[in-house]
Amino acid sequence: MDVKNKRNFILLGHAQSGKTTLAESILYFCKATTRKGTIADGTTVSDYSADEIERKSSISASLLNAEFQGTRLQMCDAPGYADFFGEVIASIRAVDAAVVVLDATSGVEVGTERAWQLLEEEGLPCIIFINKLDKADIDAKKVLVDVQSMLSKKALPIDTWDSPELIEAIAESDDKLLEQYLEGAKLSPEELKVSLKQAVLKRRIFPVLSGAALSDKGIVELLLAIQEYLPNPLERPKVESFDPANPETPKEFTFEEDGPLAAFVFKSISDPYVGQLTLLRVFSGSLTANTSFYNITKQAKERFGTIYMLQGKEQRPIESASCGDIVAIAKLKETNTSDSLGDEKNSVLFPPIVFPEPAISASVKPKSRADEDKISGALAKLAAEDPTFKATHDQQTKELIISGLGDLHLSVMVERMKKRFNVEVEVGTPKVSYKETITKNAKVQGKFKRQSGGRGQYGDVWIEVEPLQRGKGFEFVDKIFGGAIPRNYIPAVEKGVRQACSEGAVAGYPIVDVRVTLYDGSYHEVDSSDIAFQIAGAMALRKAVLEGAPVLLEPIMDVDVIIPEEFLGAISGDINSRRGRIMGMDIKGKQQMVKAQIPLAEMFTYANDLRSLTGGRGSYTMRFSRYEEVPHKVASTIISRYQATKKQEEE
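Quick note: the sequence shown uses numbering that gives the first Met the number 0, first residue 0, plus one each step.
Any given hint might turn out to be false.
Stated by the list, open to error - Pairwise CB distance ranges (calculated):
#, residue 1, residue 2, range
1, K448, G427, 40 to 48 Å
2, Q498, G122, 55 to 63 Å
3, Q498, A369, 29 to 37 Å
4, K646, K594, 41 to 49 Å
5, A49, W160, 43 to 51 Å
6, E333, N440, 32 to 40 Å
7, K297, G427, 32 to 40 Å
8, T604, V353, 25 to 33 Å
9, G183, V353, 21 to 29 Å
10, K594, R315, 25 to 33 Å
11, T287, S187, 42 to 50 Å
12, T159, K594, 45 to 53 Å
13, P630, K389, 25 to 33 Å
14, P163, E301, 53 to 61 Å
Bear in mind the hints are in silico, worked out from the structure with no lab data behind them. Every residue, glycine too, gets a C-beta built ideally from N, C-alpha and C.
Make a model of the complete structure from these sequences and hints.
Pasting the structure below:
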């Protein structure tokens with residue numbers, strides 16, 4: 000198909016705004032399907048996974064294809080929930096434009112604002128579709144005012160060419176037309192259409208259409224607008240690209256049907272029948288089935304077999320993919336999400352997708368030995384599909400931690416482990432990786448002596464323990480002179496000291512940021528042994544910590560909270576209630592960014608609390624900063640809890 004007859008766009012909007020129903024209406028109207036599926040029945044083309052059918056909402060982005068009056072449409076139906084925003088961020092890298100869907104009963108919602116901000120960042124043109132106008136008591140004018148005040152004043156209805164506001168906006172985007180307009184000339188619909196397209200491509204006007212996807216109202220008008228005003232792959236905004244030989248140096252390329260290959264991998268999915276499917280967008284050139292491409296990111300050539308055009312879960316084999324196509328290839332071994340593909344001699348490198356960092360974590364524990372054997376593989380496959388989902392093993396707490404963008408995100412992943420990999424887990428709140436240290440020097444003796452007839456056990460050490468700067472870890476210094484302790488026992492002393500450090504002395508947490516100096520001791524020619532000196536070293540370390548004014552340390556996180564200005568007071572108060580400190584403020588687009596430092600122990604419910612405080616309009620990122628002393632009152636509670644647990648275990 001001629002590249003000029005292709006339109007690639009993504010359906011964006013808040014959850015439940017009707018994106019999937021709109022996609023279903025488009026497919027049915029274009030005769031891409033023989034019946035119109037419904038979310039209620041679980042029969043839509045795009046929401047095909049078991050968890051989407053069960054939850055009756057989109058979780059993953061789906062690719063769909065249709066043809067309208069000779070124009071090939073490739074749609075991406077993206078989820079609206081914030082927990083799955085990673086799907087939107089990835090998919091928007093594959094399209095040329097967007098249709099932003101609004102629920103007329105709700106107007107501009109959180110998901111609408113977030114999608115709009117992403118479109119601004121990517122510089123993509125879009126059409127706005129106000130959906131559900133068939134509902135009772137809808138004030139269409141009020142919805143339009145909402146759109147113009149919260150999204151853009153340049154959002155204008157295009158249902159009539161008699162609108163002075165529309166004519167003026169189109170004229171202002173075209174110097175030649177503006178001159179005619181100012182001279183009082185009447186502009187024809189044909190002239191206005193040509194200039195309107197240019198205004199849409201330059202994001203100077205955002206056409207607004209309305210209808211009701213469930214009853215197929217407004218679908219024809221929307222399709223005509225997509226065909227008329229959204230860009231073909233040669234007209235889309237420039238794609239950021241760099242020189243592979245010098246990844247920091249920009250290198251431009253042109254969108255060409257017959258030019259060298261330039262493609263980008265935006266997503267990977269696991270298919271139960273063909274294995275891993277790699278989804279990519281061809282920006283220039285072409286790919287032919289059963290040949291090879293050069294992976295610029297990995298600097299490796301890779302052969303591949305069949306190329307597929309996707310229709311929801313259906314994979315349709317095609318002979319080749321050309322400029323503008325969004326396709327899938329199965330069983331690639333070297334190629335992953337964010338890889339650039341192209342011509343080995345004449346290529347460009349596309350920047351990787353920047354996914355949001357996880358905002359919430361949970362501990363997971365396999366329910367059975369069989370689950371334990373399979374859990375690592377299941378988590379690895381889920382993380383490969385979804386870069387916003389992470390699985391790590393906490394070396395200190397010995398817990399398996401899963402992290403994602405929200406409770407719903409983690410809940411879906413736990414369900415997928417069960418349904419797809421037959422792995423069941425118990426989900427809990429992660430333990431905080433506290434640590435112990437001292438605040439003053441201590442000199443102590445550790446003496447282990449045991450006589451039980453025959454050969455006994457004897458080890459005697461003197462150590463000095465000093466606090467170090469935060470983050471310095473552990474140091475062991477040997478200052479034994481004159482043979483007070485034979486050289487062959489020194490490693491045993493250090494081993495005992497390190498073992499005691501790992502077990503803690505106050506609350507069972509690792510002891511850090513200390514220097515232990517072994518400076519004296521004694522031994523017995525017969526009774527001394529490695530194990531005796533190991534025990535003596537451990538005894539001395541525990542004693543020294545208790546005499547060294549011990550404190551607990553806790554992880555402090557750098558937290559960036561992005562909110563509308565109206566929530567600044569509530570968020571500031573909430574941060575203070577979490578023992579947090581506000582470090583500064585910044586402006587991010589139309590929103591405020593609050594930079595804070597908050598203890599990790601206070602952050603486990605923050606995702607839900609922030610959603611409640613801001614009506615879902617706030618977001619945050621979090622990263623580790625440093626360890627800091629736990630306030631005495633909080634530390635006392637932690638220590639008491641540990642001692643009570645220890646007493647129960649001993650009984």
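Quick rundown of the hints versus the structure:
1. K448 <-> G427: 40 to 48 Å: holds, 44 Å
2. Q498 <-> G122: 55 to 63 Å: holds, 58 Å
3. Q498 <-> A369: 29 to 37 Å: holds, 33 Å
4. K646 <-> K594: 41 to 49 Å: holds, 42 Å
5. A49 <-> W160: 43 to 51 Å: Check passed, 48 Å falls within 43 to 51 Å.
6. E333 <-> N440: 32 to 40 Å: This hint is violated: roughly 56 Å between Cβ atoms.
7. K297 <-> G427: 32 to 40 Å: At roughly 38 Å between Cβ atoms, G427 and K297 fall inside 32 to 40 Å, so the hint holds.
8. T604 <-> V353: 25 to 33 Å: Holds, at about 27 Å.
9. G183 <-> V353: 21 to 29 Å: violated, 50 Å
10. K594 <-> R315: 25 to 33 Å: violated, 49 Å
11. T287 <-> S187: 42 to 50 Å: holds, 45 Å
12. T159 <-> K594: 45 to 53 Å: This hint holds: roughly 48 Å between Cβ atoms.
13. P630 <-> K389: 25 to 33 Å: holds, 30 Å
14. P163 <-> E301: 53 to 61 Å: holds, 57 Å
Violated hints, listed in ascending order, are 6, 9, 10; each of the other numbered hints is respected by the structure.
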